[in-house]
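Here the structure of chain A is known, so what remains is to put chain B in place on it, guided by the hints.
Line order of the protein sequences matches chains A and B. The first sequence lines up with residues 1 to 202 when you count with UniProt numbering. The second sequence lines up with residues 1 to 202 when you count with UniProt numbering.
There's no promise every hint is true.
One copy or two, either will do: identical chains are not told apart, so a pair holds if it fits within one copy or between any two.
Stated by the list, open to error - Think about it this way: if two alpha-carbon atoms lie no more than 25 Å apart in a straight line, the pair counts; the simulated BS3-like pairs of lysine-lysine are:
{"no.": "1", "residue 1": "196", "residue 2": "58"}
{"no.": "2", "residue 1": "73", "residue 2": "58"}
{"no.": "3", "residue 1": "58", "residue 2": "90"}
{"no.": "4", "residue 1": "86", "residue 2": "124"}
{"no.": "5", "residue 1": "199", "residue 2": "73"}
Simulated from the structure, these hints should not be mistaken for laboratory data.
Residue strings, one per chain:
Protein chains: 2
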Amino acid sequence: MGVLPWSCRCGLNPTPSKNRGAPARPPPPPPAARVRRSKYTGQSVRAMPMRVLTVGKKRSQGTQLLVEEYKEKLGHYCDVEDTLIKSNPKLTSDVKVQIEAEDASMMQQLKAEDFVVVLDENGKDVMSEQIADLIGDAGNTGSSRLTFCIGGPYGLGIQVRERADATIRLSSLVLNHQVALIVLMEQLYRAWTIIKGQKYHH
Amino acid sequence: MGVLPWSCRCGLNPTPSKNRGAPARPPPPPPAARVRRSKYTGQSVRAMPMRVLTVGKKRSQGTQLLVEEYKEKLGHYCDVEDTLIKSNPKLTSDVKVQIEAEDASMMQQLKAEDFVVVLDENGKDVMSEQIADLIGDAGNTGSSRLTFCIGGPYGLGIQVRERADATIRLSSLVLNHQVALIVLMEQLYRAWTIIKGQKYHH
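Okay, chain A solo, but in the shape it has when bound (with noise of 0.2 Å):
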């Protein structure tokens, strides 16, 4: 057996290491040295309408009440709209016409003056001072609405992927559509308070 991708104390690591145990990255610095900042932090930002466009069926009780509290804690700062987007309109059991019907469905809801942010695991890794310096430059081009886009279980289609102004990524783990839509809300309000320089409630 090899050696295993993280720092083990099991004895089945033939090196035993002497960090073995220690973080697989070296320990963080003190807080007052890691502070990260957009480059927005602290200035005016335009406060675009954002919109939330999912693909899916009804969502679970918990998902939809977090999504409630975080689309009120984003309501101090712009207006925020969450629009479902019916899951397979075809009803088709072939998997490939479920995407493209999804795609097409969310490209109806896709106007011109659109900021568009696409969600894919092949997106840009981004830390969330970087979705604060989004927000900021969607509100610098003259779009009228900063809009996200989320796939559903089989994920987006090609004409949103091409459609995209950005496309990011909010972690190396598939997550399941529902919860990755939970990230994204949590990350829109910390992007919010990280441009405005306030504290985060938790």
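Chain B only, in chain A's frame:
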């Protein structure tokens, strides 16, 4: 203004690329080619009891509902325990003292026979399949329980970090600790479906 760190069709990008609007990484190969597997997929893996230790006050209703939902799903594969450690037991206003007190409380919960996985923003970036590997690896160590530790709003203390048998991170984003718990629970369920070679139920 420099080049935006994501592909952009807003006109701010001084050297518009042919790839504007395209994903930041090359498009993924077709699904058939990119099926990733855990090294344990289809193998028998010891279903060690799992415990998730979190620090905090009362969770939001949405979070609790989602935790219960995934606990039930995970319960088909292994025993799952969800332990909430009291936040700031010394009721101090000094963040350092708070972290140390929470660290000590969490250490009291950890036994010698625990395989301890710490979630930390400086940990190893993992894919879902590697969480499946981690569960399989832990089952081969002789440990009798697999324990995941999530810190409170100010993160984990040094004792727990040093006690870790593995340190992973769920995202490059800074996640609220309740959101981190939801992501973890979903990944543990996903990991077991990967190990068992089963369809993921949304």
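Tested hints:
1. 196 to 58: Cα proximity of residue 196 and residue 58: none, with 34 Å in one copy and 27 Å across.
2. 73 to 58: Classified as both: same-chain Cα gap 23 Å, cross-chain 18 Å, threshold 25 Å.
3. 58 to 90: Answer is within; shortest intra-copy Cα gap is 17 Å, inter-copy 43 Å.
4. 86 to 124: neither (27 Å within a copy, 37 Å between copies)
5. 199 to 73: Answer is within; shortest intra-copy Cα gap is 13 Å, inter-copy 36 Å.
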